[in-house]
Amino acid sequence: MPWIDLNRSIRRALLIVLLPASIALMGAAWVIHGALLERMARSFVEDRLREEVSFLKHRINQADGSINALSTGDYFEAVFHHAFAVRVGSQRYFSLARWKPLLAPLLEENGTGFIRRTDSDGAISDYFAYRENFKLGEREVVIVVAEDLSRIDASQRELHIWTAVVSAVLLGLLVLVIWMAIRLSLASVTNLQTALKQLQQGERERLDSDTPEEFRPLVHQLNQLLDTLDQRLARSREALANLSHSVKTPITAVRQVLEERDQHLDWGTRQQLAQRLSDIDGQLENEMRRSRFAGAQAGKGAAPVTQARELIWMLGRLYLDKDFELETALADERRWPIEEYDLNEVLGNILDNAGKWGASRVVLSLREDKAGLVMEVSDDGPGVTRERLSTLGTRGQRLDEQAPGHGLGLAIVRDVVRRYGGWVVFDCSESGGLQVRIVLPDRVSL
Amino acid sequence: MRLLLVEDDSLLAESLQRQLSSAGFSVDAIATASGADQLGRQEDYRVVVLDLGLPDGNGLEVLRGWRARGLTMPVVILTARSDWQDKVSGLKAGADDYLAKPFQTEELLARLDALIRRSEGRVDSMLCAGRFKLDENRQVLATPDGEEHPLTGTEFRLLRCLMSRPGQLFSKERLLEQVYNLDESPTHNAIEAYIRRLRKLAGKDAIVTRRGQGYMFNALD
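Protein chains in written order, with our numbering: chain A, 1 to 446; chain B, 1 to 221.
Please note that the accuracy of each hint is not assured.
[Stated by the list, open to error] Heads up, simulated DSS-like pairs for lysine-lysine below, C-alpha to C-alpha not over 27 Å straight-line: (1) B:LYS204 <-> B:LYS92; (2) B:LYS101 <-> A:LYS322; (3) B:LYS101 <-> A:LYS356; (4) A:LYS322 <-> B:LYS200; (5) A:LYS57 <-> A:LYS135; (6) B:LYS101 <-> B:LYS204; (7) A:LYS100 <-> B:LYS101; (8) B:LYS200 <-> A:LYS248; (9) A:LYS300 <-> B:LYS172; (10) A:LYS356 <-> A:LYS300; (11) A:LYS300 <-> B:LYS133; (12) A:LYS197 <-> B:LYS101; (13) A:LYS356 <-> B:LYS92; (14) A:LYS300 <-> B:LYS92.
Calculated directly from the structure, the hints in this document are not laboratory data.
Build the full structure now, drawing on both the sequences and the hints.
This is the structure:
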């Protein structure tokens, strides 16, 4: 059913399912009621007809085949609600004259059983009869008792219509109850909507966690997202403030020097100007990279194997004399809860660093173990002395090593990893080079 | 040595043109993607410096167009963006090197030097086996479905060995020789892992295993 999308609205979905269902069920109950009523009436009529036939039979036996005895006595009128006809030999008797044309042919046929006629002409078009044949001495006796069904049908129909009316009223009540139930149970959604509106308008800061159980995780997640947003806003404000502080001064200096008409620019001044611009670039790069990190976020993930392969291939093209290798047992489709850009930044920087220092070989290994998600890069370069291992990629180190690619990359890696609640370990590799091991928790904690 | 400089910032372009000329290049400078595309196809350049953000299009599209036409001159791309994905797509499009702005002219000259030296005597070497093509310069495998798969160092050497003689059986020992440096202690398991990965790229039937004997590249048509 493409024209009804049940996921669009809970209220609509419930109404669409419950209303037709209750109408259909009520209708079915009514139809079944009609069928049962019909059957009950039929068996009631059958029983009565049979009883009357046996009563007549008894009387005929008592009177020894004399039909005249049947017509005497008023109580017949009271006992027999139905018309009957009797034939003993060639003698016939009809209890009511208007039934005569209908019952006469039945008397001539043989066989015991019920007969139903619905198409006969005359006053009585629909009747039901029971015929019994038996022998009395040498004479053949046929008794037919018949009932006009139209009268019964009419009362039955009336009853059925009354049932329909009652059903309709009950259906109305049921619909009302359904509607009320939906309304009541969705009232919490309306509350949530109002709360969201208030949130948008700034009338409240967080959503109320006192909601039905079904919505509690949702509200919790939303509140966490709001926290994350707040943190991010605070962070980017701080970054921009830092940036403007550290960029405006060198810009002012450069402009001042350039706008001084009479001043000739000697080589020393030019170098100073260039240095100021490089500083600006460094600051920009630094802050921009930091603000581009997504950090741990629900619903963001990346395929580490695919990304690592691409980076390794690329670095292999740039450092042609070095062999970049990937060692992993993870499937290509395996996803880690790390945002794609962030993962690229981590892998790219440690691989690039290893490519710079490694002599001939860089190995990246990706695995998952008890500690979490592990990324390990080893190279066969000169390595770093034990004492200096702990200072790698720390802030102080970065600032005084502004030469391209030195330190900055590892500082960025540290930053990203910290944001995911993971850690970086620097160590000596088997071949004496540097080994960088990054461990990230395998679950996002916002 | 002819060099094509594609850069839309006139100040930067003029300054670069001066400095590249004084470094011995004969420089053609152009500021648009369409012009660059045409010049690259008409003229025979030794090397190209290509800016990615051009007013009338993306430099990567121009580069893809050249490579699709079989032009193999080395290309250095310049861009102001510095994320890793950008570098990967630049190299995938066929660039040979990558320089993020701002850069120093010495750095650019050094890169150009290295690229030219590297590309000297380089012939367009494609190793073909059936409908598989292994681009030896770019270390990329093109599968019959037209997809390109970048390969890591070992994957490439292993595949080059297998594809050099399609239909010939290579023992694990022989492949280990090809693949590892001397100081490593190779294991058969490692070879199996590499073969598994290559099969994933090239398709299950492309590399056949002969139990206990070795592997064979099956050049299906």
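Structure versus earlier hints, numbers of those that do not hold, lowest first: 6, 7, 8, 9, 10, 11 and 12
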